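Engineer: With the hints as constraints, model all of the structure from the sequences given.
If you want the building blocks of each chain, they are given just below.
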Amino acid sequence: MEIILSIILVFMILGAIYALYARDLLSALISCGIVGYGLVICFLLLQAPDLAIVQIVVETITLLIMIAVVLDSSREELKEKKVVGTKLSHFRKWYVMNVILVIVCLVVLLYFFKEVTSTLDPLGKHLTRMSTAYIENAAEKTGSANLVTGVLFDFRGYDTLGEATILFTAVIGVLAILRAKGKKTNNL
Amino acid sequence: MTVYLLCFVLFLVGLFGVLTKRNIIKIAIGLIIMELSLFMFFALIGYVDNGIAPIIVQEMEKAKFVDPLPQAIVLTAIVIGLATTSMLMAIAIRLYKKYNTFDIRKIANLKG
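Top to bottom, those sequences are chains A and B.
Here the first sequence stands for residues 2 to 189, numbered as in my numbering.
Here the second sequence stands for residues 3 to 114, numbered as in my numbering.
Treat the hints with care, as some may be off.
[Claimed, not checked] Below 20 Å or equal to it, Euclidean Cα-Cα: the simulated DMTMM-like pairs (lysine to aspartate or glutamate) are:
no.: 1; chain 1: B; residue 1: K66; chain 2: B; residue 2: D51
no.: 2; chain 1: B; residue 1: K66; chain 2: A; residue 2: E141
no.: 3; chain 1: B; residue 1: K23; chain 2: A; residue 2: D25
no.: 4; chain 1: A; residue 1: K126; chain 2: B; residue 2: D51
no.: 5; chain 1: B; residue 1: K108; chain 2: A; residue 2: E78
no.: 6; chain 1: B; residue 1: K108; chain 2: A; residue 2: E77
no.: 7; chain 1: B; residue 1: K100; chain 2: A; residue 2: E164
no.: 8; chain 1: A; residue 1: K126; chain 2: A; residue 2: E116
no.: 9; chain 1: A; residue 1: K126; chain 2: A; residue 2: E3
no.: 10; chain 1: B; residue 1: K99; chain 2: A; residue 2: E78
no.: 11; chain 1: B; residue 1: K66; chain 2: A; residue 2: D122
no.: 12; chain 1: B; residue 1: K99; chain 2: A; residue 2: D73
no.: 13; chain 1: A; residue 1: K142; chain 2: A; residue 2: D155
no.: 14; chain 1: B; residue 1: K23; chain 2: B; residue 2: D105
no.: 15; chain 1: B; residue 1: K100; chain 2: A; residue 2: E78
no.: 16; chain 1: B; residue 1: K66; chain 2: A; residue 2: E137
no.: 17; chain 1: A; residue 1: K115; chain 2: A; residue 2: E3
no.: 18; chain 1: B; residue 1: K99; chain 2: A; residue 2: E77
no.: 19; chain 1: A; residue 1: K142; chain 2: A; residue 2: D160
[Unchecked claim] Computed beta-carbon distance windows for the label pairs:
no.: 20; chain 1: A; residue 1: A134; chain 2: B; residue 2: T22; range: 40 to 48 Å
no.: 21; chain 1: A; residue 1: R24; chain 2: B; residue 2: K66; range: 47 to 55 Å
no.: 22; chain 1: B; residue 1: N102; chain 2: A; residue 2: R180; range: 19 to 27 Å
Rather than coming from a laboratory, the hints here were simulated on the basis of the structure.
Bear in mind the structure is a predicted one, so any value in this text is a computation, not a measurement.
Cβ atoms here follow ideal geometry from the backbone N, Cα and C, with glycine treated the same way.
Structural biologist: Structure, rendered in C-alpha cells:
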C-alpha cells in the first residue's frame, strides 16, 4: 500500500514541478490537473470514496475556471530578464551565500518534520480515539449509513453551516469584484 | 514514513512556487498544490490497515473502519478551496483588465 502511494505521490510531485516551470500557462494548468487527479486515486486507495467524488468534481470546476481565465487573457509566461555580463560577478559573490542559506533552511525544515512526525502514528497504525464514539453510535443517533455524512451533517453540523457561509461570502465577493460598472448615482 | 515525507515535499514545491514566481496564475497554482498536499496528509492520518470505507453494511457489524473524522474535515476543506480559488481568479481577471499583464512587478500601484 505504502509503495503504491509513494509512486503516485512522486508522479504528483513531478507534475507540480512541471506546472511551475512550463512556458505555456495552459500546459501549466493541465499538469496542475495531474496533481488533483492523482490525489483522487490516492483517496480511493485510502478508502475515502466520498472525498474522491468531491475531489473529482471540484478539480474539474477549478480547472475549467482557470482555463477560462487564461484563454481570456495571455497564455505566455513572463520573460525573465537576461543576466548582463557585468552583473555576473555580483551573482558569483552571492552564490556561496545562497547555497549555505538553502542548506540551513532544509536542515531546519527536516528537523522539525522529524519532530512532528515522531508524535504521529505510522501509516495504518492509527487509533480512532475520538471517532470511536462516532463509529459506534452514529447508526442509532443519526440514522445515516454513511459515517462521513453522519459526522458532517449531524455531529459537526455547525462546521457545515460555516462552510456554507464561506461559500456564500465567496459568491458575493466574486459578484462584487466582477461587476462591470458601479451604480450610476445620477440615474436614480 | 516515506509517504509523509513525500507529502511534505509536495507542500514545499507549492511553497517554492508561491515565493519565487512572478505570474499571478503561477502563484495560484502554487497555492492549489499546497492545499492538495494538506488534503493528502489528512487522509493519510486517518487510514487504518485493512480498514474499509466508513459505510455501514448489515453483515459486517464488527468490521474495522477507516477514521471518518479527518475525511469529514477534508470534505469541508475541499469545497472551501474551490471558493478561495474562484475568488483569486476573479481578482486576477480584474487585475489583467486594469494593467494588461499578469506580472506582479508591473502591478506597482499597490503601495504599502
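Engineer: When you check the alpha-carbon spacing of K99(B) and E77(A), does it fall within 20 Å?
Structural biologist: holds (16 Å)
Engineer: Lying within 19 to 27 Å: is that true of the beta-carbon distance N102(B) to R180(A)?
Structural biologist: Distance hint for N102(B), R180(A) holds at roughly 20 Å.
Engineer: Under the criterion that the straight-line Cα-Cα distance not exceed 20 Å, is the pair K66(B), D51(B) satisfied?
Structural biologist: It holds: about 9 Å lies between the C-alpha atoms, which stays within 20 Å.
Engineer: Holds or violated: the 47 to 55 Å window for the beta-carbon distance between R24(A) and K66(B)?
Structural biologist: Since the Cβ atoms of R24(A) and K66(B) sit about 49 Å apart, the hinted range of 47 to 55 Å holds.
Engineer: Quickly compare the C-alpha distance for K108(B) and E78(A) to 20 Å and report which way the hint goes.
Structural biologist: holds (14 Å)
Engineer: Measure nothing beyond the straight line between the CA atoms of K126(A) and E116(A); if it is 20 Å or shorter, mark the hint as holding.
Structural biologist: holds (18 Å)
Engineer: Does E78(A) lie within 20 Å of K99(B) when you go C-alpha to C-alpha?
Structural biologist: With Cα atoms ~17 Å apart, K99(B) and E78(A) stay inside 20 Å; holds.
Engineer: Please verify whether K66(B) and D122(A) have alpha carbons no more than 20 Å apart.
Structural biologist: holds (17 Å)
Engineer: Just to be careful, I want the Cα atoms of K99(B) and D73(A) compared with a cutoff of 20 Å; is the pair within it?
Structural biologist: Distance ~10 Å between K99(B) and D73(A) Cα, so the pair holds.
Engineer: CA of K142(A) to CA of D160(A), is that 20 Å or under?
Structural biologist: holds (18 Å)
Engineer: Could you grab the alpha-carbon distance between K100(B) and E78(A) and see if it respects the 20 Å cut-off?
Structural biologist: Status holds; Cα separation ~19 Å.
Engineer: Is it true that the CA of K100(B) sits at most 20 Å from the CA of E164(A)?
Structural biologist: violated (32 Å)
Checked against the numbered hints given earlier, the structure breaks only hint 7 and satisfies all the rest.
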